[in-house]
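Please construct the entire structure, taking both the sequences and the accompanying hints into account.
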Amino acid sequence: MALGPVLETLIGGLLTGVLYSLVALGFVLIFKASGVFNFAQGAMVLFAALSFARLSEFLPLVVAFALAVLIMIALAYAIEFLVLRHLVNQDGIILFMATLGIAYFLEGFGQTIWGSDIYKIGLGLPTNPIFILESVFPGGLLIDPAELIAAVICAVLVLVLAVFFQVTRVGRALRAVADDHQAAQSVGIPLNQIWLMVWAVAGIVALVAGMMWGAKLGVQFSLSLIALKALPVLILGGFTSIPGAIVGGLIIGAGEKLAEVLLAPVLVRTFDLAGGGIENWFAYVLALVFLLFRPQGLFGERIIERV
Amino acid sequence: MFYREAGQFKTSYVADESIFPIAQDRWFVVGLVVFAFVGVPLFAGQYLYTEILIPVLILSIAAIGLNILTGYCGQVSLGTGGFMAVGAYAAYNVALRLPETNLILVFLFAGFMAMLVGLLFGLPSLRIKGFYLAVATLAAQFFLEWAFARVKWFTNYAPSGSVAVGRIELFGYPIDTPGKTYIFVLAMVVVLALAAKNLVRGRLGRMWMAMRDMDIAAEIIGIRPLHAKLSAFAVSSFYIGVAGALWGFLRLGSWEPLAFDVNRSFQVLFMIIIGGLGTILGSFLGAAFIVLLPILLNQLPSWLGIPISTAGISHIEFMLFGALIIFFLVVEPRGLARLWAIAKEKLRLWPFPY
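Residue numbers (the working numbering), protein chains in the order written: chain A, 5 to 311; chain B, -1 to 352.
One should not assume that every hint holds.
[Stated by the list, open to error] Calculated from the model, a selection of chain B residues having no Cβ within reach of chain A, i.e. all distances over 12 Å:
| hint | residue |
| --- | --- |
| 1 | Glu98 |
| 2 | Thr99 |
| 3 | Leu192 |
| 4 | Ser312 |
| 5 | Leu347 |
[Said to hold, decoys possible] The calculated label-pair distances, taken between Cβ atoms and stated as ranges, are:
| hint | chain 1 | residue 1 | chain 2 | residue 2 | range |
| --- | --- | --- | --- | --- | --- |
| 6 | B | Ile304 | A | Arg173 | 46 to 52 Å |
| 7 | A | Arg306 | B | Glu330 | 32 to 38 Å |
| 8 | B | Leu94 | A | Leu74 | 57 to 63 Å |
| 9 | A | Arg306 | B | Ile340 | 39 to 45 Å |
| 10 | A | Gly281 | B | Leu192 | 56 to 62 Å |
| 11 | B | Ala156 | A | Asn93 | 48 to 54 Å |
FYI, nobody ran anything at the bench for these hints, they're computed from the structure.
Heads up, the beta-carbon is just placed ideally off N, CA and C, and yes, glycines get one too.
Structure (structure tokens):
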């Protein structure tokens, strides 16, 4: 295959990967601060996007965004108050199951109050494809500007989060809680407030992710399945690393698209398959291969085990 | 109140190690099984069989399988749906290509194939732990789902991609009514549950539990992780494969890979969490709970006389399901089996608790 189309696929994949990492970021934030494997992140993306889409139908974008942020903060409060507070000190798997329950609830709740049709989010992003490097390749490389903008927003978000974690008082408290719940509590860091904070931040990240995905695909139920796309990104990068989520997203996004273009036709020809569609599992197998060499993910904290 | 175990002395090691050391428990379980075989067919109708009893029984086999892996050995798996699909398609292909095979052998082969696939996907567990492993097992789920949808040989080149089983018979005796299906499934459940109960009480079960509680400590006292983890994956996948074959043959009759998607994995995981991790009883209670809950939620609006559109009902069902899951986890994180144990203990002393 010529280099041009491959490169084009690669860039498209990388940009999609950025969107994956936006979802994975929410996972990482919550796992880092509370050790909860939050399966409801996908449902939160759906819920946030639905809220924003329906609100923006009759409100200006900025007001709708502000209201959606408030809704996500309220949601974080509700989750902390109704669920997490009662499950302190439980096994990870119990908390995981609880977030699955939250996911079911949010999917039902969101569609009950906001409706279950496909809604459009008009962010006013440019839709005409851009062509770059026309001098190098015949016809140039096609890039979707909406994805480019999403990538920029994602980069800004990560930068803001990094500063927030490193510099501010709350950020320091968050890192302390992530290191050791008990030690943090004993030096006077209020655990419940920190959890509330981190779920709220994850909710806002979900809102941004939901807006980007919603602008791309339309806001609909399938948006909550994005969580399943973000999981390989997560284990590839490591559950506890924000840079890991970004790098993982890029690797998975690019690998997935390249595999679909390069590997799938070969597989179909060799094994006489009824169509390719290997996107669904390729990311997982790729992540699995990486894990065999680094069991804690690329950027995860080293697992030190003591008896 | 119910019974006193006073006067029941254990005078031999055999008596000490029996599954139900208290005579009343033993007779209760025997009575329950006899009732299930003899009593239930006297009054059960078509609906009770096909919508409630058969699904609960088959899924409790899958739940026992997953409980062995997750509850006893501590390896969280989200690939249950995929392993069930392996069982179902293995059974389909044997029944199709070797039509003379005995039905029991077909199901055993299904379990055996699932076991091999389970061993393969269990290998990473030696290196990957915790939630990393849980997500890694999703690789098995999605890969298997994809394989059965795309590799034409598995579905015998059916253009629609769905497969259907023909006549099902055991020793020349057709299993064609819900009643006969129920008896057959029940017999499978009794045998498999008894086997599982004994496995987890024995050497293997102790190895698994040591691995679950702390793998490094277990390794230090001489338990081989390779042996313990892979045997858990093998036994668990065997059960899940048999359950998948039963589900395909006796519950669905014809199916597509979608019948074994990731939601099936979550469903079985819910069963063992709600039922109780690391208990065989919990697998049954959880299966019954998760199968019955949606049926009840579905009926609720019509009983209460609230008019809601079908789409609205499905959303509210989702909501209530999620809320109830959270409620049960908050009330008793160790599951229904634990609630049952507490209730039994309380009743034993009631009305004189001191």
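To see whether the hints hold, each was checked on the structure:
1. Interface exclusion of glutamate 98 (chain B) from chain A stands, the closest Cβ pair being 28 Å apart, more than 12 Å.
2. Remark: the non-interface label on threonine 99 (chain B) is consistent with the geometry, its nearest Cβ contact in chain A lying 26 Å away (cut-off 12 Å).
3. Distance to chain A confirms leucine 192 (chain B) as a non-interface residue, since its nearest Cβ pair spans about 27 Å, more than 12 Å.
4. With 12 Å as the threshold on Cβ separation, the claim that serine 312 (chain B) sits away from chain A is violated: the shortest Cβ distance comes to roughly 8 Å.
5. At the 12 Å boundary, the C-beta of leucine 347 (chain B) stays outside the reach of chain A, the nearest C-beta of that chain being 28 Å off.
6. Taking 46 to 52 Å as the suggested C-beta distance range, the pair isoleucine 304 (chain B) and arginine 173 (chain A) conforms, at roughly 50 Å.
7. The hint said 32 to 38 Å for the Cβ distance between arginine 306 (chain A) and glutamate 330 (chain B), and at roughly 36 Å that hint holds.
8. A hinted range of 57 to 63 Å holds for the C-beta pair leucine 94 (chain B) and leucine 74 (chain A), which are about 58 Å apart.
9. A hinted range of 39 to 45 Å holds for the C-beta pair arginine 306 (chain A) and isoleucine 340 (chain B), which are about 41 Å apart.
10. At about 42 Å, the CB distance of glycine 281 (chain A) to leucine 192 (chain B) disagrees with the hint of 56 to 62 Å.
11. Between alanine 156 (chain B) and asparagine 93 (chain A) the C-beta distance comes to about 51 Å, which sits within the given range of 48 to 54 Å.
Checked against the numbered hints above, the structure violates hints 4, 10; every other hint is satisfied.
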